[in-house]
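Student: Quick mapping for you: the protein sequence lines, in order, are chains E and U.
Position one of the first sequence corresponds to residue 155 (the working numbering), numbered consecutively onward.
Position one of the second sequence corresponds to residue 155 (the working numbering), numbered consecutively onward.
Errors might be hidden in some of the hints.
In silico DSSO-like cross-links for lysine-lysine, where the CA-CA straight-line distance does not exceed 27 Å [said to hold, decoys possible]:
| # | chain 1 | residue 1 | chain 2 | residue 2 |
| --- | --- | --- | --- | --- |
| 1 | E | K167 | E | K332 |
| 2 | E | K326 | E | K172 |
| 3 | E | K239 | U | K167 |
| 4 | E | K172 | U | K239 |
| 5 | U | K326 | E | K326 |
| 6 | E | K239 | U | K239 |
| 7 | E | K363 | U | K239 |
| 8 | U | K363 | U | K167 |
| 9 | E | K285 | E | K239 |
| 10 | U | K172 | U | K332 |
| 11 | E | K332 | U | K332 |
| 12 | E | K167 | U | K332 |
| 13 | U | K285 | E | K326 |
| 14 | E | K285 | U | K239 |
| 15 | E | K239 | U | K332 |
| 16 | U | K167 | U | K239 |
| 17 | E | K332 | U | K326 |
| 18 | U | K332 | U | K239 |
| 19 | E | K172 | E | K239 |
| 20 | E | K172 | E | K332 |
| 21 | E | K239 | E | K332 |
| 22 | E | K167 | E | K285 |
| 23 | E | K239 | E | K363 |
| 24 | E | K239 | U | K326 |
| 25 | U | K326 | U | K285 |
| 26 | U | K326 | E | K167 |
| 27 | U | K239 | U | K326 |
Cβ-Cβ distance ranges computed for the label pairs, FRET-style [as the list claims (entries may be wrong)]:
| # | chain 1 | residue 1 | chain 2 | residue 2 | range |
| --- | --- | --- | --- | --- | --- |
| 28 | E | A278 | U | N253 | 19 to 29 Å |
| 29 | U | D327 | E | V165 | 31 to 41 Å |
| 30 | U | G268 | E | D310 | 24 to 34 Å |
| 31 | U | T193 | E | E161 | 54 to 64 Å |
| 32 | U | D327 | E | R314 | 23 to 33 Å |
| 33 | U | R198 | E | R191 | 43 to 53 Å |
| 34 | E | T271 | U | K167 | 44 to 54 Å |
Note that these hints are calculated values from the structure, not bench results.
Don't be surprised by glycine CBs; every beta carbon is placed ideally from N, CA and C.
2 protein chains.
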Amino acid sequence: MERHFDEQLTVLKHTLIKMSALSEAMISDAIRALCERDTSAIPRIREHEDQVNRLQIEIDGICLRLIALYQPTAGDLRFILGAVKTNGDLERMADLAINICEEAERLLENPLPGALTGIQEMAALASLMVKESLHAYVNRAVEQARVVLLRDDRLDDMKRHITADMTSLMQKDPGVIKQALDILLVARNLERIGDHATNIAENTIFVVKGLDIRHHRE
Amino acid sequence: MERHFDEQLTVLKHTLIKMSALSEAMISDAIRALCERDTSAIPRIREHEDQVNRLQIEIDGICLRLIALYQPTAGDLRFILGAVKTNGDLERMADLAINICEEAERLLENPLPGALTGIQEMAALASLMVKESLHAYVNRAVEQARVVLLRDDRLDDMKRHITADMTSLMQKDPGVIKQALDILLVARNLERIGDHATNIAENTIFVVKGLDIRHHRE
Chain E
155 MERHFDEQLT VLKHTLIKMS ALSEAMISDA IRALCERDTS AIPRIREHED QVNRLQIEID
215 GICLRLIALY QPTAGDLRFI LGAVKTNGDL ERMADLAINI CEEAERLLEN PLPGALTGIQ
275 EMAALASLMV KESLHAYVNR AVEQARVVLL RDDRLDDMKR HITADMTSLM QKDPGVIKQA
335 LDILLVARNL ERIGDHATNI AENTIFVVKG LDIRHHRE
Chain U
155 MERHFDEQLT VLKHTLIKMS ALSEAMISDA IRALCERDTS AIPRIREHED QVNRLQIEID
215 GICLRLIALY QPTAGDLRFI LGAVKTNGDL ERMADLAINI CEEAERLLEN PLPGALTGIQ
275 EMAALASLMV KESLHAYVNR AVEQARVVLL RDDRLDDMKR HITADMTSLM QKDPGVIKQA
335 LDILLVARNL ERIGDHATNI AENTIFVVKG LDIRHHRE
C-alpha cells in the first residue's frame, strides 16, 4: 500500500513538473514572438495550452485518487492539497502566456514604439521564478521557496518602471497609445505570472513547516 | 462521527459565505469610492481585507482537518477539494478589490475624464456573479452555476467596450491618459473578478457531476 502511494506521489510530482515546463515554454515562446517579431512559435503555444489544460484535469484526478485511496495525513496530505492549488497556479500562468501571445500578435501589426529590453528582463525573471517555485515545491525546499518570494519584489519594481515609461511615451506621442498599452499589458501579465510563482513558493513553506505564511511575510 | 462531519461541513459552508460577503462588500465599497468620489469607505475596505486573509487560512485549516479526521470520499471529498480552490478564488477577488481601491485613490487626484456608467454596470454584474457562484457552490446548484458561466461572456463584452472607449479617449485627449489608463485597469480587475466567479461555478459542476467542464464549455 505504502509503495503504491509513493509511486503515485512520484507520478504527481512528474506531472506537475511536466505542466510547469509547458507553462515556461509558453512564456518564452510568447516573448520570442513579441520581441523577435517571429510568429512561427504561435501554433506551438496553442498546442501547449491544450496539453496544459489536459494535465490540469489529470493532476486534480491524481490528487483526488491519492486522498480517497490512501487517506494520507500530515505532511503528505498538505502536499496533495498544495498540489491542487499549485495546479491552479500553473494553469493560470499558461492563460497569462496566452494573453501575452495575443498582445504580441496585435503588436506585430505596427512598428514597436521602442526597445523591449525591460520586457525581456521581466520575462527572464518570471520564467526563473516559475522554474524555481516548482522545483522548491516538489522537493519541499523551503530555502529555494524563500528566494522566489524575494525575487517577486524585484519583478514588481520592473513592472512599475515599464508602466511609468509607457505612460510618458503615450503622453509624448499619442500615435503609439495602442502599442504602448499592449506593452503595458504584457508587463502586467508577467507580473501576475510572478504572483502565481509566489503562491507556489508559499504553498511550499506551508507543506514543509505546516505554517501558513500568506499575509504574514517574514 | 457522521454528525460531527456534517456539523464541520456546515461550518465550512458558512465560513465560505462569510468570506464571499466580505469580498462583495469590498468590491462595492471600492466602486463607491471611485464613482461617488467618496473615500470614507476606504478604511473599511482595508479592514475587510484583513478579515478575508484570516478566513482564507481558517478555511484551508477546516478542509485539512475534515479530510484528515473523517476520510470523506466521492462527492464530499470533491466538495472539500473544491472548497480549497474556491477559497483561493475568493481571496483573489478581495485582492482585485484592493487594486480597484488603489486605482480609485489615484483617480480622485484629478477630475474624471467622463461618466463611469459602464464601470458601475460591470461592477453590478461582477458582484452578482460572486454572490450567485458562491450560492451555487454551497448548495451544489448546477443550474445556477451555469447561469454564472453565461454572465461571464456579457462581462467580457462590457470590458471590451470600455477598453475601446478609453483608448479612443486617450487618443483624442492625451491630457487624460493617466486617468483613462486607471479606468481601463478597473475594468480589467472587474473582468478578473468575473473569471474567479466562473472558476467557482465550474467547481460547482465538478463537485455535483464529478465532471470536469473546464476547457470543455458546453
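Student: For the pair supplied as a hint, E/K239 and E/K332, confirm whether the alpha-carbon distance does not exceed 27 Å.
Tutor: violated (35 Å)
Student: U/K332 and U/K239 were given as a pair; does the straight-line alpha-carbon distance stay at or below 27 Å?
Tutor: Violated. U/K332 to U/K239 sits at ~35 Å, over the 27 Å cutoff.
Student: Straight-line Cα separation of U/K239 and U/K326 no greater than 27 Å?
Tutor: violated (43 Å)
Student: E/K332 and U/K332: Cα distance at most 27 Å?
Tutor: This hinted pair holds, its Cα atoms lying about 14 Å apart.
Student: Confirm or reject the claim that U/D327 and E/V165 have a C-beta distance inside 31 to 41 Å.
Tutor: Because 58 Å falls outside the window, the suggested range is violated.
Student: Assuming the hint says 23 to 33 Å, is it satisfied by the Cβ distance from U/D327 to E/R314 or not?
Tutor: Taking Cβ atoms as reference, U/D327 and E/R314 lie about 25 Å apart, which means the hint holds.
Student: Compare the distance between the alpha carbons of E/K172 and U/K239 with 27 Å, and conclude whether the hinted pair is satisfied.
Tutor: holds (21 Å)
Student: Does the alpha-carbon distance linking U/K172 and U/K332 stay inside the 27 Å limit?
Tutor: violated (36 Å)
Student: For the pair supplied as a hint, E/K285 and E/K239, is the alpha-carbon distance within the 27 Å limit?
Tutor: Satisfied, since the Cα-Cα distance of roughly 16 Å is no more than 27 Å.
Student: Would you check the hint for E/K239 and E/K363, treating anything up to 27 Å between C-alpha atoms as holding?
Tutor: Given pair E/K239, E/K363 holds - Cα atoms ~17 Å apart, limit 27 Å.
Student: Within a Cα-Cα threshold of 27 Å, do E/K172 and E/K239 meet the stated pairing?
Tutor: OK: E/K172 and E/K239 at ~16 Å, within 27 Å.
Student: Tell me if the straight-line CA distance from U/K326 to E/K326 falls inside 27 Å.
Tutor: Cα-Cα ~13 Å, so holds.
Violated hints for the displayed structure, listed by number in ascending order: 1, 2, 10, 12, 13, 15, 18, 20, 21, 24, 25, 26, 27 and 29.
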